[in-house]
Each structure stands twice: as C-alpha cells, then as structure tokens.
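**Student:** Letter by letter, the chains look like this.
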Amino acid sequence: MRRIITLTTDFGDEDHYVGSMKGLIFGINADSNIVDITHKIPRHDIFKAAFTVRNFYRYFPQDSIHVVVVDPGVGSERRPIAVETEHGVFVGPDNGVFSFILDNAEKADIYEITNSDYMLENVSSTFHGRDIFAPVAAHISKDVDVREVGAKIESPVMLNISKPLDSADEIIGEVIYTDSFGNLITNITSEMLNGFTSICIDDYIIDSVARSYQDVEEGELLAILGSSGYLEISVNQGSAAERVKDQRVTVKK
Amino acid sequence: MRRIITLTTDFGDEDHYVGSMKGLIFGINADSNIVDITHKIPRHDIFKAAFTVRNFYRYFPQDSIHVVVVDPGVGSERRPIAVETEHGVFVGPDNGVFSFILDNAEKADIYEITNSDYMLENVSSTFHGRDIFAPVAAHISKDVDVREVGAKIESPVMLNISKPLDSADEIIGEVIYTDSFGNLITNITSEMLNGFTSICIDDYIIDSVARSYQDVEEGELLAILGSSGYLEISVNQGSAAERVKDQRVTVKK
Amino acid sequence: MRRIITLTTDFGDEDHYVGSMKGLIFGINADSNIVDITHKIPRHDIFKAAFTVRNFYRYFPQDSIHVVVVDPGVGSERRPIAVETEHGVFVGPDNGVFSFILDNAEKADIYEITNSDYMLENVSSTFHGRDIFAPVAAHISKDVDVREVGAKIESPVMLNISKPLDSADEIIGEVIYTDSFGNLITNITSEMLNGFTSICIDDYIIDSVARSYQDVEEGELLAILGSSGYLEISVNQGSAAERVKDQRVTVKK
Chain X
1 MRRIITLTTD
11 FGDEDHYVGS
21 MKGLIFGINA
31 DSNIVDITHK
41 IPRHDIFKAA
51 FTVRNFYRYF
61 PQDSIHVVVV
71 DPGVGSERRP
81 IAVETEHGVF
91 VGPDNGVFSF
101 ILDNAEKADI
111 YEITNSDYML
121 ENVSSTFHGR
131 DIFAPVAAHI
141 SKDVDVREVG
151 AKIESPVMLN
161 ISKPLDSADE
171 IIGEVIYTDS
181 FGNLITNITS
191 EMLNGFTSIC
201 IDDYIIDSVA
211 RSYQDVEEGE
221 LLAILGSSGY
231 LEISVNQGSA
241 AERVKDQRVT
251 VKK
Chain V
1 MRRIITLTTD
11 FGDEDHYVGS
21 MKGLIFGINA
31 DSNIVDITHK
41 IPRHDIFKAA
51 FTVRNFYRYF
61 PQDSIHVVVV
71 DPGVGSERRP
81 IAVETEHGVF
91 VGPDNGVFSF
101 ILDNAEKADI
111 YEITNSDYML
121 ENVSSTFHGR
131 DIFAPVAAHI
141 SKDVDVREVG
151 AKIESPVMLN
161 ISKPLDSADE
171 IIGEVIYTDS
181 FGNLITNITS
191 EMLNGFTSIC
201 IDDYIIDSVA
211 RSYQDVEEGE
221 LLAILGSSGY
231 LEISVNQGSA
241 AERVKDQRVT
251 VKK
Chain G
1 MRRIITLTTD
11 FGDEDHYVGS
21 MKGLIFGINA
31 DSNIVDITHK
41 IPRHDIFKAA
51 FTVRNFYRYF
61 PQDSIHVVVV
71 DPGVGSERRP
81 IAVETEHGVF
91 VGPDNGVFSF
101 ILDNAEKADI
111 YEITNSDYML
121 ENVSSTFHGR
131 DIFAPVAAHI
141 SKDVDVREVG
151 AKIESPVMLN
161 ISKPLDSADE
171 IIGEVIYTDS
181 FGNLITNITS
191 EMLNGFTSIC
201 IDDYIIDSVA
211 RSYQDVEEGE
221 LLAILGSSGY
231 LEISVNQGSA
241 AERVKDQRVT
251 VKK
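Residue numbers (the working numbering), protein chains in the order written: chain X, 1 to 253; chain V, 1 to 253; chain G, 1 to 253.
Treat the hints as calculated values from the structure; they're not laboratory data.
Keep in mind that the hints are not guaranteed to be accurate.
In this list, chains with the same sequence are indistinguishable; a pair is considered to hold if it fits within one copy or across any two.
Below, computed lysine to aspartate or glutamate pairings styled on EDC-like, alpha-carbon distance capped at 20 Å [claimed, not checked]:
1. K107 with E154
2. K152 with D117
3. K40 with E112
4. K252 with E154
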C-alpha cells in the first residue's frame, strides 16, 4: 500500500530526529510514501502548526495520513490522538494542532492512542514523534483500522481562532500568519471585501485589491487575495513584514 | 509510471508551499518520484536558479521532469512554459531560469502553458508553483504529451551569461556563483587554463592548480578544478568568500 | 529492489550538491528509496556525523545503505570505504564517521573502494559524494556484493570517544552533543545513575531525574533520560545550551 504519510514538526533539520521517524515508518511499511511538509515550525508554536496543516491537507489524496508533532507537553498528561476525517487521518498530540481540521471536517472521529501494540517497545518520555506517532501512522498506512489505536473520545483541545469583528461601517481583522517571504496573511476572506472602499493597516491606506504583485511598483505595498483564500498584505519583490508593524487590518465599507 | 519530478524553488522550507505542491502532484500521479533539489534559491535570484539547474540536470535520467519556480513575475504577463529537450522536460516561468539548458541542449522545443485542463481549477495570482507548474509536471509524468500544454513558441527570455574576456596575454573572468561552503565558482573552464602562468584574484597570486583541498595548508587559498567543470577559488577547510572581496579573476598566460 | 539509501552530509540545502547525488542514484537504481537524514552536519564536524549515525541507524531496516559524507580530506590520501554490518552497509570516507558503528557492530567487514566500475567516469577531486559514494551505494542497492568494491582492510580510523570517569564517590562525564532545541546530551548512561544523590552541571545541582519536561516549571532546568539513551540536561520549553556554559557533568553517588 503506497499511502502517503506527511510529516509536520518543529524538530528542525539538523539532528537525527526526523530521520529516525522515517526509518521506523519504513521498517513497518516499506511501501509508504513519506512527504516532508516542514520541520521548521517555530518551536512549540501550535498555532503555526495548525494553520500550516489547514493550508496543505486539501491538496493531498484523501487516504493520506498526516503526522503533526509540535508537542511542548510530550510525556505529560496531554493525550496522543488519531483523528479520522473525510480528508484523511491526522495523528499527533491533543493540544490544538488539529483545530482547523476539526472546525472544517464534516465528520471527525477522535481516538486516544493507548494501544501499545502500535508503539515502539520502549516509549521515551521526550520523543513521542518517533515512539508513538510515527509507528501508529505506519500501521494505519498498512490498513490497521484507526479504531484499533484506542477508545473514541470527545472534547479535543481547540485553539481559540480569532475571527474579524464586523460592524456597520468596517470589518476589523488581523494578521494571523507571516510567511517566509514576509507576506502577511490576515483572517479576512474574499467575501468580506464585497463593496469595500479601503483597506487600512498601520499608516497605509490601500483602495484596491491587486491582481498580481506586479500591479504595483517594485517595493510598494499592496493587498491581494492570497493562495490560502485570505486577504494578504505584501510588498512587490519585498517584505511586508519589515514594513508594517501593526497587525490589525481594517476594511472600510 | 515512476518518473522523477525535481523541484527547485525559492519558497524556503518553513511554510506549507512546497508540501502543497507535492500533495497536488501525488494526487495526479501517485507513482511519481518527487526529488527536492533546493527550496533555498535566494528569493527571486533567477541566475542562481539557472546555474543550479545547469549543475544537476545531467545527473538525472533523461525522462525526468524538472520544475523550477523562481518567479518574481507570477500572475503578470510573463509566460509559463514547458521545454522539451533530450535531457528531460523543464517546467517553469519564461524568465531566464532555463538559459543554460536552452544554451546547451541540441533540441529544445518550447511550449507556452495555456491549456487549463492541466491546471488547478481556480488559479491563484500568487502561487503558480502549486496551481500551474506542479499539475502540469504531474500530467506530463503520466505521459501527457508536452505539446498538449499549449502552442509552440520561440524567443524565450534568456539571461545574459557573462563569458571571460580573452586577450593576447591574459583571460579575465569572474566569480559567477558562491556556494554555501564559500567556494567561488568562476566562469573559467579548464581549457582556458592551458599553459597559464598564474591566477590572480584580489591581492592573491596562485601559480598552480591544486589536485585536492589538502594540497595546501589548512586555511590557505587555492585554485582547483571544481565539480561543475569550472575553475574554483577555495580555502582548505575555510571560506574563500570570506577572504576574497574582488570578484574578478585574471589568468595570466 | 526498493532498498533504502540514507544520506547524511554537511553539504547544506542551498546548492545542487545533494540533488546531483540523488539524480545519480536514481539513474543507477530507479527503485531505490532515498531518505535524507540531515545535510546540516556542521561543516567537517566528523564527531557530530558519527553521533548522528549512531542515533538513527537502528531504526532502519537491516538491508539499508547509509551514505555519510563529511569529508574534509576529499581528494587526498584518505580512503573511501564501505562497511558491511548486521545493521546495514555504511558508505563514506575512512575518517572516523563510522566510529560508533564499528564499536557497536558484532560483525563489521571494511572494504576500501577502489573498483572504478562503480564510480562516475570522471571522478572530480572535490565531490566524492557524487562521484564515488552515491554510485557505490546505488550499485550495492541493486545487489552488487559489497566485496566487489575493493579489497578488505583493517585498522579503520576511529575517533577517540570520551567515556565518563568513574571513581568511589562520583562519575564525571561531559556534554557530547547539543541538539537544535538546546538539549545537552551527555555521555552518562542510565546505568551510571543507579543510586545517585545529585547531578551537578555549572552551578546547578539537580537531585532527581524528571519523567517529562513538564515535571518542572516552564523555564527551569532539569535532568532527563533522553531518547538517545543518555542523560540529558534540558530546560522546559527553553534551551539548556543558553543557560549552561560548563560542559562537565558530575554525578554524586
């Protein structure tokens, strides 16, 4: 079964950690197809992990298994979980990293991972990525039923995801993610822009949405509908993050 | 069909961008073999992308597909293209990233990508890597004929690649690429060194070509024929880039 | 034959070097399964490479081939070798990168790579990763017998791996590896902690071994048995490397 297992972690790319996870997965299912998403989630940044997962999962086949390990509570009481949805199976800690998935999925069954048959024999207290999440994902990729990993649970930990404030004459949103180009991704959707008159951030007032970065001169600020489906603030061939300090975005109606 | 699709971009390795491209490719052709070259081309550095492609393509099987996305003009008038050569198919923007390939290939047919059958349904204005180049490459890897992507075109954008100046008593070249070790790769070929008396860069005068880095003491500058086929200036176990400021290299005959 | 070939190098992820190695490997064995461990071993840091290999190899299937290229002596007299063990085949320079393997393996046959049939036609003097180690690994992955690469040799180069000093009332060990989280991995094993009274590093005195990072308050120093099997000094949600200057660790009995 050549099923995809994606990996999203904050382990970095300098140590053996990710390599050990891959060895373990291939040892269980030599035909699995491991895909690195990123190992550079800022350490312990659960929101960035959750938003990253939101952005990539829909582009993968629906039988994919997505392992997410940003896990400051490793070894403590936080639960390891597997979440079965119509968009694939998600494996990781119950700390909010699956908030967007649980919000968006029509069907989401959550199981607490407790069955040691699918874990490494000696589980360390610092590296559940290798000792629990990698082998569980590998076994599921070999068609172990997700229900085998443990009992079904309710009430997963959910992040408090900020939504824009919508009033009579304006919508007040904010920057929720800054990418490595310095593009500022806001929580304002395209529908919220219907009939807007201006977009304000910091001291900048923008009165149209660009169709491409090159609609403005090099080095100029612009607003654009980004590839994540949200309004983004960018600089043509530059970094909006270096230009803009205030993270609040106001759309005047 | 387990055909190779290589990826060379300036997307970095911190966001979901590369992961989303991979999901899309595997969704179209689950058997394709995606190979990351680098996602750390300096942002918008078309020359570095072009030189990187020059250096790796010849080591890949000839049915490989090479996707190169360093694309400051994304969403503007610049054309998306696919280039069919005897060394494989190259997919990316028409902005010069394929200059060395087009220079070296015996046969190079260039097609402007316009057929929306091979694109994502809703093409964003900021992420053609995911919305156009990844799916086009995936379809070609499933044996869609390159001619299906759009009409054949001429006159691709070509970078102006500097060549050394050759006079009666000297050849004046320059450093065209600095690698992450600090090795300085010049545009001087081994043939140009026939019968040379000295190689001059900055205040350094080098009178022989080393056979290995260890031909000189640790920390000393040397000249060597590098793995790209060009003369390189290096420091044994150090960085020539930190030592040398002037990028001009003179070979005295 | 879908055999795994892992890659551990100091080549970084910005240049074409690793990509060229992969192209060459797939050109020889299209079915091989290349797994990146890391390409960010600090330049020429043979000990870090050796310790990284020690930590991941046991998680891979036993028919895997592990290529390690941290090779300051490339092109000089140092020997290229292939090491056959019960844990897989290891390919790289004879400079100490396989010290832990050679220490741990029950059976280790070492062969000097001299057979040019398994090398690139023109071997450069600066890039044996591409010209020797990658093609040798690829041929072995296609079931070329390791003995074909060259004559069996003895006396490989071994690193001097420091062991703790054990006296009547204390054990004095040291930090041997700092990971990218800032965890300090020592050379003290769990057995050495039997009946200890305190663990001292810098001005800190720790009197118990934590079961998880969250056993202490956020920002506090702790001692824990790490996933490599050694005592580690960590900070809950912080970096021990930024806190602790002295690399010596004393366990009071």
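**Student:** Hint by hint, say whether it matches the structure.
**Tutor:** Results for each hint:
1. In the homo-oligomer, the alpha carbons of K107 and E154 lie at most 20 Å apart inside one protomer (13 Å), although the nearest pairing across protomers, at 51 Å, exceeds that limit.
2. For a Cα distance limit of 20 Å, the shortest separation of K152 from D117 inside one copy, 17 Å, qualifies, whereas the shortest one across copies, 42 Å, does not.
3. Proximity of K40 to E112 under the C-alpha cut-off of 20 Å is found in neither arrangement, the shortest distances being 26 Å within a copy and 35 Å between copies.
4. With identical chains, the CA atoms of K252 and E154 are never at most 20 Å apart, being 40 Å at best within one copy and 47 Å at best between copies.
Taken one by one, the earlier hints fail for this structure at numbers 3, 4, listed in ascending order.
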